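K.L.:
Each protein sequence line maps, in turn, to chains A and B.
Numbering of the first sequence is given in my numbering, commencing with residue 1 and proceeding in unit increments.
Numbering of the second sequence is given in my numbering, commencing with residue 1 and proceeding in unit increments.
Bear in mind the hints are in silico, worked out from the structure with no lab data behind them.
Only a predicted model underlies this, so the values are computations on that prediction, with no experimental measurement involved.
Note that beta-carbon positions come from the ideal geometry of N, C-alpha and C, so glycine has one too.
Relax, there's no trap hidden among the hints.
Computed spacing ranges between beta-carbons, pair by pair:
no., chain 1, residue 1, chain 2, residue 2, range
1, A, Arg5, B, Gly15, 48 to 58 Å
2, B, Phe17, A, Gly76, 42 to 52 Å
3, B, Gly15, A, Lys143, 42 to 52 Å
4, B, Ser107, A, Phe114, 51 to 61 Å
5, A, Gln32, B, Thr161, 41 to 51 Å
6, B, Phe17, A, Leu107, 15 to 25 Å
Cβ-to-Cβ under 7 Å is the rule here; a few derived chain B residues that face chain A:
no., residue
7, Glu37
8, Arg103
9, Asp128
10, Ser129
11, Gly136
12, Tyr138
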Amino acid sequence: MIKFRSLLCLLLLSVSLTTQAKIESREFADAQMEDDYQALVAELRCLVCQNQNLADSNAELAQDMRAKVYKMLNEGKSKTEIADFMVTRYGDFVLYRPPVKSSTFLLWFGPFIFLLLAGIFVVSFIRRQSVSEKSVVDQQLQKKAHSLLDDE
Amino acid sequence: MARFGILIGFFLLMGVFAVVLDRMGSGEYNPRDIPTEFIGRAAPQINVPDLYEPNTIVKTSDMQGQVWLFNVWGTWCPECWREHEYLMHLKTQGIPIVGLNWRDDRSEAQSMLSRMGNPFVKIGFDPDSSVAMDWGVYGAPETFLIDADGKVVAKHAGGITPAVWQQKFQKYFTPVAANGQQL
Chain A
1 MIKFRSLLCL LLLSVSLTTQ AKIESREFAD AQMEDDYQAL VAELRCLVCQ NQNLADSNAE
61 LAQDMRAKVY KMLNEGKSKT EIADFMVTRY GDFVLYRPPV KSSTFLLWFG PFIFLLLAGI
121 FVVSFIRRQS VSEKSVVDQQ LQKKAHSLLD DE
Chain B
1 MARFGILIGF FLLMGVFAVV LDRMGSGEYN PRDIPTEFIG RAAPQINVPD LYEPNTIVKT
61 SDMQGQVWLF NVWGTWCPEC WREHEYLMHL KTQGIPIVGL NWRDDRSEAQ SMLSRMGNPF
121 VKIGFDPDSS VAMDWGVYGA PETFLIDADG KVVAKHAGGI TPAVWQQKFQ KYFTPVAANG
181 QQL
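Model the full assembly from the supplied sequences, consistent with the hints where possible.
P.N.:
Structure (structure tokens):
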């Protein structure tokens with residue numbers, strides 16, 4: 001039993017080691033270049049994954065795209081040049097923060113529009129509710145007032 | 001009156017969901033599909049060695065003046081195996097297809113073609129995605145159609161089937177049989 005457990009531990013350890021090993025270690029000429037690299041792989045989307053950026057993904061295309069980013073940085077390309085390179089090939093989809101333009105308008109402002117609509121709905125709902133409650137109270141008060149008046 | 005409005009809104013939303021689901025079901029709409037950036041643009045360069053002859057460079061300009069297909073495939077891709085037979089059929093129809101063997105092993109790719117037939121006029125060998133990235137490829141198989149002026153006019157992500165062929169590609173080819181006669 002103990003043997004089985006230690007085997008299991010070893011297995012689990014080896015799994016995490018292999019996943020670690022898949023993200024390449026890279027050498028950078030200076031800190032600025034490393035910052036640019038990290039920013040780019042965080043900003044660019046892994047195209048074959050659901051909601052992962054290049055930095056997080058072990059997908060093969062993501063590995064190659066990271067290598068391309070690294071190569072272009074070494075060739076002295078700027079961050080915007082590299083982002084543009086990817087956008088001309090893969091479209092705005094490759095960016096986690098697509099630029100605001102007519103085709104991405106709903107993407108950027110859709111949630112706020114829905115929030116606004118929901119807000120309007122809630123406010124009008126509450127208003128209506130309180131109005132009808134108030135009128136019920138008013139009627140009761142009126143009845144009471146009438147009965148008091150009648151008593152006199 | 002307001003109740004009525006909410007009800008109408010609800011049914012409208014339901015209608016939208018039903019239409020999207022229906023189109024997804026009939027394969028017209030793929031939520032994972034990434035719209036291509038290349039329609040109407042000049043075809044990118046290929047510029048990698050040939051799968052069979054490492055000293056020969058496969059180039060986009062080799063195909064100038066022809067309407068041709070550019071098909072990205074790999075032996076690791078099951079859908080590529082499925083579409084292979086149809087690509088062989090297109091070859092017999094005289095359709096020129098340039099292949100891009102993507103992220104693959106040279107000898108495995110060659111042995112697959114020797115077993116299943118080679119539908120390609122040329123095959124670029126792209127182990128590190130350099131050509132794939134230049135064409136905005138994100139999966140295999142992917143097929144582009146390039147016109148005689150070297151412009152990309154159509155693209156399909158996924159296997160080529162007779163239905164896909166008729167819908168997207170056939171109209172760009174004047175029917176020519178393998179023996180060169182008009183069909």
